[in-house]
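Asks: Here is what each chain is made of, one letter per residue.
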Amino acid sequence: MFMHFIKFVESIGKWSISIILFFTGITFFTIKIFAAGLFSKAFLNPVSVTFILRQINFIGVELIKTTTIVALVLGLAIVGTLSNTLINFGATTSIGVVLTGVLVKIAAPFITGLLFIFRAASAIFIDIALMKNNNDFKALKSMDIDEYQMVFFPRVIASIISMFILSSYFILLSIIGSFTLLSFQLNTTLSVVGQQVISALQISDVISFIFQIFFIGLIVAIIPMYTAMEQKRSQLWIIVSMNKSMLRLFYMFILIVFIGQLI
Amino acid sequence: MIKNNAITTFVKNQNDTKNIITDLIDQYSWGKIAVVSEDVPLMSALTVLDNIVLYQCYTKRLNISKVENEVIEFLNRYNEPNIIYLHKGQLNKYQQFIAKLARAIIHKPDVIVIDMPVDYLGIDNFNLFIDVLKESNTDIGNIMIIENARFSNLYDDLDINKVGIDEWLIHVTKILS
Numbered sequence: 524m525f526m527h528f529i530k531f532v533e534s535i536g537k538w539s540i541s542i543i544l545f546f547t548g549i550t551f552f553t554i555k556i557f558a559a560g561l562f563s564k565a566f567l568n569p570v571s572v573t574f575i576l577r578q579i580n581f582i583g584v585e586l587i588k589t590t591t592i593v594a595l596v597l598g599l600a601i602v603g604t605l606s607n608t609l610i611n612f613g614a615t616t617s618i619g620v621v622l623t624g625v626l627v628k629i630a631a632p633f634i635t636g637l638l639f640i641f642r643a644a645s646a647i648f649i650d651i652a653l654m655k656n657n658n659d660f661k662a663l664k665s666m667d668i669d670e671y672q673m674v675f676f677p678r679v680i681a682s683i684i685s686m687f688i689l690s691s692y693f694i695l696l697s698i699i700g701s702f703t704l705l706s707f708q709l710n711t712t713l714s715v716v717g718q719q720v721i722s723a724l725q726i727s728d729v730i731s732f733i734f735q736i737f738f739i740g741l742i743v744a745i746i747p748m749y750t751a752m753e754q755k756r757s758q759l760w761i762i763v764s765m766n767k768s769m770l771r772l773f774y775m776f777i778l779i780v781f782i783g784q785l786i
Numbered sequence: 722m723i724k725n726n727a728i729t730t731f732v733k734n735q736n737d738t739k740n741i742i743t744d745l746i747d748q749y750s751w752g753k754i755a756v757v758s759e760d761v762p763l764m765s766a767l768t769v770l771d772n773i774v775l776y777q778c779y780t781k782r783l784n785i786s787k788v789e790n791e792v793i794e795f796l797n798r799y800n801e802p803n804i805i806y807l808h809k810g811q812l813n814k815y816q817q818f819i820a821k822l823a824r825a826i827i828h829k830p831d832v833i834v835i836d837m838p839v840d841y842l843g844i845d846n847f848n849l850f851i852d853v854l855k856e857s858n859t860d861i862g863n864i865m866i867i868e869n870a871r872f873s874n875l876y877d878d879l880d881i882n883k884v885g886i887d888e889w890l891i892h893v894t895k896i897l898s
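Note that the protein sequences, when read in sequence, are chains A and B.
Residues 524 to 786 in our numbering are what the first sequence spells out, letter by letter.
Residues 722 to 898 in our numbering are what the second sequence spells out, letter by letter.
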């Protein structure tokens with residue numbers, strides 16, 4: 524019994540140390556990326572800009588089609604259900620406040636974040652893991668090219684920009700699609716509903732939205748890259764590490780969405 | 722500017738040829754010595770064009786499209802212009818060598834080190850390689866070729882300086898046409 528207790532305490536200690544090491548490692552990794560990207564003489568180098576644009580195309584543009592479909596379907600479903608409920612309770616005046624809060628604060632960052640994780644995180648992980656496996660970083664080192672600036676920084680910036688654009692696009696489509704439906708239900712025009720939405724928008728919603736977008740964009744790039752760089756150079760390890768990366772990412776994602784709701 | 726003598730002395734002072742490439746890379750910057758070797762692979766995530774111009778664009782803040790024509794012209798000399806937008810995985814050994822050679826030559830370093838060209842090229846493509854090196858001679862400084870002694874006769878008609886270490890031959894040269 525006592526031995527089981529000791530083993531239990533040991534496993535908790537081991538788990539705590541690994542979490543502390545992970546957070547320390549990822550913090551230093553992030554600082555190093557931003558320091559290399561923002562404060563080097565090669566900042567806004569045409570090559571870096573080209574790589575950022577390519578990454579936006581690679582991880583962001585390809586998601587537009589999926590986001591469009593999801594935004595229209597989910598936007599209609601969320602707003603349709605919520606507005607019906609509110610109309611049944613006779614709370615039609617609160618529709619703007621409730622729906623804006625739901626869309627901006629929860630639905631847009633959460634749904635776009637999930638889509639973004641599925642598409643971008645796995646792509647970034649495989650990209651970096653294969654680069655490590657193929658000895659690409661050795662080539663960069665030989666040419667005195669900083670990998671933090673040329674490889675990691677463009678991906679982080681592209682991820683944050685893509686996340687911001689996709690979430691804003693999601694909100695726009697959801698508002699247009701779902702509030703068209705709402706204007707029929709309430710027998711009013713789209714512009715009136717639009718005004719109701721804009722007037723219902725609070726500064727805390729916007730801050731929460733920006734907080735979630737920024738950090739989701741950041742972790743979607745940072746965690747897969749960090750985990751890929753941690754792995755040993757072997758194809759088997761790519762699969763094992765990818766699993767690890769997605770789990771870490773999922774926990775961090777939930778944490779960020781949770782903190783976002785507290786704002 | 723690294724002088725021919727400096728490289729010759731460096732090579733002569735090496736006890737072991739195994740680490741000569743990595744030692745050279747550690748000692749000199751890529752701007753001064755560019756290496757064509759298995760030790761400095763092409764980046765698999767980038768196209769041949771990106772690989773070739775990466776260093777030049779990174780250090781001189783050039784736009785990639787501005788040096789594209791220069792790269793096409795170089796690849797044309799080796800009858801390989803079609804590889805420009807391919808990735809490393811799509812290239813054969815010879816094409817990878819040409820891409821690495823272009824990457825080394827294009828930014829005009831003081832010295833180009835070529836590690837075992839016969840291994841990449843085979844005897845058939847070797848003469849073409851030497852001809853293009855002669856053509857490029859005015860653009861580049863010194864060329865150092867590390868090659869196994871059994872292939873030394875391939876270099877006989879070139880005006881070169883041979884420095885032998887064990888069974889390896891190190892040619893330090895400015896090739897004259």
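Accuracy of the hints is not assured; some may be wrong.
[Claimed, not checked] Covered by chain B, per the in silico footprint, the following chain A stretches (three or more residues, Cβ under 8 Å):
1. 545 to 558
2. 568 to 580
3. 745 to 757
[To be verified] A few chain B positions that, by computed beta-carbon distances, are all more than 10 Å from chain A:
4. Gly752
5. Val761
6. Ser765
7. Arg782
8. Leu849
9. Leu875
10. Tyr876
[Stated by the list, open to error] Derived pair list, reagent style DMTMM-like, types lysine to aspartate or glutamate, alpha-carbon separation capped at 20 Å:
11. B:Lys781 - A:Glu753
12. A:Lys655 - B:Asp831
13. A:Lys664 - B:Asp760
14. A:Lys664 - B:Glu759
15. A:Lys661 - B:Asp836
16. A:Lys664 - B:Asp845
17. B:Lys829 - A:Glu670
18. A:Lys661 - B:Asp744
19. B:Lys781 - A:Glu533
20. B:Lys753 - B:Asp831
21. B:Lys809 - B:Asp831
Keep in mind the hints are simulated off the structure, nothing from the lab.
Nothing here was measured: the structure is a model prediction, and the numbers come from that model.
The beta-carbon is built from N, C-alpha and C at its ideal position, and this holds for glycine as well.
Asks: Is Lys664 of chain A within 20 Å of Asp845 of chain B, Cα to Cα?
Replies: Since the Cα atoms of Lys664 of chain A and Asp845 of chain B sit roughly 33 Å apart, the hinted pair is violated (cutoff 20 Å).
Asks: Taken at face value, is the distance from the CA of Asp831 of chain B to the CA of Lys655 of chain A at most 20 Å?
Replies: violated, 30 Å
Asks: Does the no-contact call for Tyr876 of chain B survive, Cβ to all of chain A over 10 Å?
Replies: Non-interface label on Tyr876 of chain B holds, nearest chain A Cβ at 26 Å vs cutoff 10 Å.
Asks: Given the hint that Lys664 of chain A pairs with Glu759 of chain B, test it: the Cα-Cα distance must not exceed 20 Å.
Replies: Holds - the C-alpha atoms of Glu759 of chain B and Lys664 of chain A are around 14 Å apart, at most 20 Å.
Asks: Beyond 10 Å from chain A, beta-carbon-wise, is Gly752 of chain B?
Replies: Label violated. Min Cβ-Cβ 8 Å, cutoff 10 Å.
Asks: So if I understand the rule, the pair passes when the alpha-carbon distance is 20 Å or less; does Lys781 of chain B with Glu533 of chain A pass?
Replies: The given pair, whose Cα atoms are some 55 Å apart, is violated under the 20 Å limit.
Asks: Using Cβ atoms and 10 Å as the threshold, tell me whether Leu849 of chain B really stays out of contact range of chain A.
Replies: Fine: 25 Å to the nearest Cβ keeps Leu849 of chain B off the interface.
Asks: Is the Cβ of Leu875 of chain B farther than 10 Å from every Cβ of chain A?
Replies: Since the minimum Cβ distance to chain A is about 27 Å, Leu875 of chain B lies beyond 10 Å and the statement holds.
Asks: Closer than 8 Å, Cβ to Cβ, for at least three residues: run that test on the region 545 to 558 of chain A against chain B and report holds or violated.
Replies: Violated: only 0 residues of the region 545 to 558 of chain A have a Cβ under 8 Å from chain B.
Asks: Beyond 10 Å on every Cβ pair: is that true for Arg782 of chain B relative to chain A?
Replies: Non-interface label fails for Arg782 of chain B: nearest chain A Cβ at 5 Å, not farther than 10 Å.
Asks: Over 10 Å to the closest beta carbon of chain A is the bar; see if Ser765 of chain B clears it.
Replies: Not fine: 4 Å to the nearest Cβ puts Ser765 of chain B too close to chain A.
Asks: Lys781 of chain B and Glu753 of chain A: Cα distance at most 20 Å?
Replies: violated, 32 Å
In this structure, the hints that do not hold are numbers 1, 3, 4, 5, 6, 7, 11, 12, 16, 17, 19 and 21, in rising order.
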